[in-house]
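Colleague: Here are the chains, one letter per residue:
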Amino acid sequence: MIYNIPYMASAILVIVGLYAVLFKRNLIKIAIGITVLESGVNLFLITLGYRENAVAPIYTNLPEGTSIPEGMTLPVPQALTLTSIVIGVAVLALILSFAVKIYQHYGTLDSREVRRLRE
Amino acid sequence: MNEPSKIVKTIASIIFPFITVYGLYIIVHGHLTPGGGFQGGAITASGIVLLLVAFGSAEIAKKIKESHLSILESIGALSFISLALLGLSATFFYNFLAGSNFIFGRIPPFGSNPGDMNTGGVLPLMNISVGLKVIAGLSAMVLALALFARLKRGRKGVRKK
Amino acid sequence: MNMSYVLLHAPALLIAIPLFAAFLTPIIDRFSKRVRNIFVLAVLIIEEILMIIFAWDVFTNGIHVYTMGAPNPTSTVPLQSAVPVRIVLEVDGMSAFMGLISTTVSLAAGFYSIAFVRKETGQGKFYTLLLLMLVGMLGMEFTGDMFNLFVFFEILSIASAALVAYRSYYGDAVEGAFKYLIISSIAGSIVLFAIAILYGQYGVLNIAALAKAMKSTTLDMIALVLLISAFAMKCGSVPMHFWIPDSYTVAPASITAMLVVASQASLYALFRICFSLYGNTSYVATSGAILILFGLLSMFIGVTMAIPQKDIKRLMSYHAISQTGYMLLGVGAGLYLLGNPDFSTHGMAAMEGGIFHIFNHALYKGLLFLTAGAIFYKTKTRNLNEIRGLAHSMKFTTIFFLIGAFSIAGLPPFNGFASKLLIYESVYHVNPILSIIAMLVSILTLASFMKVFHSAFMGPPMKDVEKGDVPKSMLFGMMVLTAGIILFSIIPGWVVGHIVHPAAQSLANQSAYIRAVMGD
Amino acid sequence: MLRTPGGYWDPLIWLLVFVVAILIVYIIRAFGRSDYKGGEQTKPFLSGMDVPDEDALHIRAGNIYWGFMRALEGYYDVLRKYHTGIVNDYVAWFVGISAILLVVFFIVGVI
Chain A
1 MIYNIPYMAS AILVIVGLYA VLFKRNLIKI AIGITVLESG VNLFLITLGY RENAVAPIYT
61 NLPEGTSIPE GMTLPVPQAL TLTSIVIGVA VLALILSFAV KIYQHYGTLD SREVRRLRE
Chain B
1001 MNEPSKIVKT IASIIFPFIT VYGLYIIVHG HLTPGGGFQG GAITASGIVL LLVAFGSAEI
1061 AKKIKESHLS ILESIGALSF ISLALLGLSA TFFYNFLAGS NFIFGRIPPF GSNPGDMNTG
1121 GVLPLMNISV GLKVIAGLSA MVLALALFAR LKRGRKGVRK K
Chain C
2001 MNMSYVLLHA PALLIAIPLF AAFLTPIIDR FSKRVRNIFV LAVLIIEEIL MIIFAWDVFT
2061 NGIHVYTMGA PNPTSTVPLQ SAVPVRIVLE VDGMSAFMGL ISTTVSLAAG FYSIAFVRKE
2121 TGQGKFYTLL LLMLVGMLGM EFTGDMFNLF VFFEILSIAS AALVAYRSYY GDAVEGAFKY
2181 LIISSIAGSI VLFAIAILYG QYGVLNIAAL AKAMKSTTLD MIALVLLISA FAMKCGSVPM
2241 HFWIPDSYTV APASITAMLV VASQASLYAL FRICFSLYGN TSYVATSGAI LILFGLLSMF
2301 IGVTMAIPQK DIKRLMSYHA ISQTGYMLLG VGAGLYLLGN PDFSTHGMAA MEGGIFHIFN
2361 HALYKGLLFL TAGAIFYKTK TRNLNEIRGL AHSMKFTTIF FLIGAFSIAG LPPFNGFASK
2421 LLIYESVYHV NPILSIIAML VSILTLASFM KVFHSAFMGP PMKDVEKGDV PKSMLFGMMV
2481 LTAGIILFSI IPGWVVGHIV HPAAQSLANQ SAYIRAVMGD
Chain D
3001 MLRTPGGYWD PLIWLLVFVV AILIVYIIRA FGRSDYKGGE QTKPFLSGMD VPDEDALHIR
3061 AGNIYWGFMR ALEGYYDVLR KYHTGIVNDY VAWFVGISAI LLVVFFIVGV I
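Protein chains in written order, with my numbering: chain A, 1 to 119; chain B, 1001 to 1161; chain C, 2001 to 2520; chain D, 3001 to 3111.
I should point out that these hints are in silico values taken from the structure, not numbers from a laboratory. We treat Cβ as the ideally placed atom computed from N, Cα and C, and that holds for glycine. One or more hints might be untrue.
Pairwise CB distance ranges (calculated) [claimed, not checked]: (1) A:Y7 with C:G2497: 46 to 52 Å; (2) D:D3053 with C:L2293: 49 to 55 Å; (3) B:F1016 with C:G2122: 26 to 32 Å.
My request is simple: use the sequences and hints to build the entire structure.
Modeller: Structure (structure tokens):
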């Protein structure tokens, strides 16, 4: 049971993020929603690499007498999560700068009014 | 917005070198401990964010030019790809320095050990170039966003469309 | 440096050269604008030449694999391990085919941009992002593992979103870019979620290794649904197409041509997942039917929405959706018939038609967007009600537009007809209704382009437009694509036999894809 | 030459036929009167009224296919209504379609 909590948390984060993107009309809040969604996915990824009673996958940090490689968590999901975080930073920065520009042009951050392009 | 007080400015100036050194430490030890180019770069850039908050974007923009940061970023990216291309004797991204007894070329000891800086082949070099890119990139990003905000305030008062 | 060495490393070089050049561009930009332009064009030309040589090798000699960081590029599975652990690039016929499209359109867009953005600021960054788009597309098409598919997908999204907002002094440009980026990042997160589901079950990320281990569990099905819907949204299939007209319209014309190919990279990812990853599961027929349904909806709604448009680029972007429907229909029909006894006759022809249409679409839709950009360059408006009589001054642009319009409408003898003919005849076998709708859509396409031709090029000349055609570099960019269209129109049989058939064959042949990485 | 499931397609043969057709058209055209002058004869005739200038005669894009769009008004109204231009709705379509696909795959799996 206790090991399922991170999965539940990631599901909740994804749902909260999607909720924000679907129902919040403020562009900044949409950006926050995307970040929360990304965190949910990242949490899911990092949880996949967890192993019971394992140490970090770094040779220099091994406690004395630990066997290699059984006692290590998976390093691949951690690398994936890190890459995903880096991409998330870039996307977030771009979204925020677009939001600033939209505010300059439209004078509002309400997504219901940022709709010159339609039909 | 009020000007931050002298206390904030002084403390920020004192803490900034420590943050920078810590960030650089994380970058250089990327192949031994948790961390690496991006994490260390983010820490170092957060030092610049601290200065930005304490002194205001106008003050910082005079000291750090966006164009210089962009050049630094390009150099970081270029050295990363060059390191990858240098491995083309075998494959792209081949670790040609590992085990060569040249710089960072020692073979790491097996099992639990305190860690040897002089190992890892091209990995530490790549960490450093990524760190350079991330420091420049994140600083430029935050600086640009801060300058955006000033641009908007200026436009509202002076020349409104 | 002999040829076999270059061919061995070509998958990595094709990605590395534009990546390197992308970051060198801002440094060169500081010294000389002219040298920078020449440098970017030289890189694009080198890419094109290298891609043609490499693609020819792939079409004749089969799949290339490239293992990054390994002592030997072909040692995909390390000795100590049973599964590939390194980053593997796997280039089969389909990947090489898509790579050809990407480099060709990038070359045309590069030439076109030289004059088109001459008056804008921040051109150094423009070319950096343009090259990064090329990197993203080639990476998505060459990669052999799921995670790098995600990484290059995001590189492509970020670079294109920034370029859509390039003329940020227009408010709607930023709005279109914002929508594009929100859609892309949601799709990216969902794709990553699906990849995580797959990784959690099988512990590998390589597509071939995943396909070998695939057990058709419920979780696999959820991952498939997430991947299909995310990539279908990114390739612009109805009913998730709304962002396409919004962002295509406001981007600079050369970037719109690139965005067409960027959407096709997502289309490629969709096909790759359905065929190579889920090729021997029980979901094949269902996903084939869903692709056919998406294709039908895209074709019909895309073209009917195009007819009332007054904005020239918006009209063309609805046609982009509609033409994407043909590809989904053709390849979806192939996927639907995969494994059936009549796959070798009708399914293969449907796939060839759909895949041939990808290249044709990239050529003529890219050309049409470039002509729309030329009109905008001359008249400073995209509104069809305000322009007329441009044929008087822009003779070459008119000819290019007509060739593109005839080709997209599927008029013989142009290449659009050849690929549509293959689709009509083969999907007739699945259901006659499909062919009838496809032909109807083709007629409506012609009607809609006659509207553009009549209102933009016919009639008395406009008074406040200066005489003469657009600058030479723009004309040359359009000419590259026109030459491609004419070439493909004259020799459709050769093209299908030597380029399209290997691509369709490699997409349908899942076991060869797995064997190239995993060994026997 | 491109082989299709039902036959083949060769643009060169098509071009040949096209050239022959053009030739026939040219021959028919040659039967026309050679003393045709142009000028006054080619002007449009509007029951003797003044012909408006060229600008007013050019049909604008907004008016082309007016009847087509009028006939399909209900269809277009629905499509226009759903293309709201609000970014939240775009994502909502994506989420909705994913949910529908999930249900479809489940049902197909059960059957």
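Colleague: Mind listing which of the numbered hints don't hold for this structure, in increasing order?
Modeller: When the structure is compared with the hints, none of them turns out to be violated.
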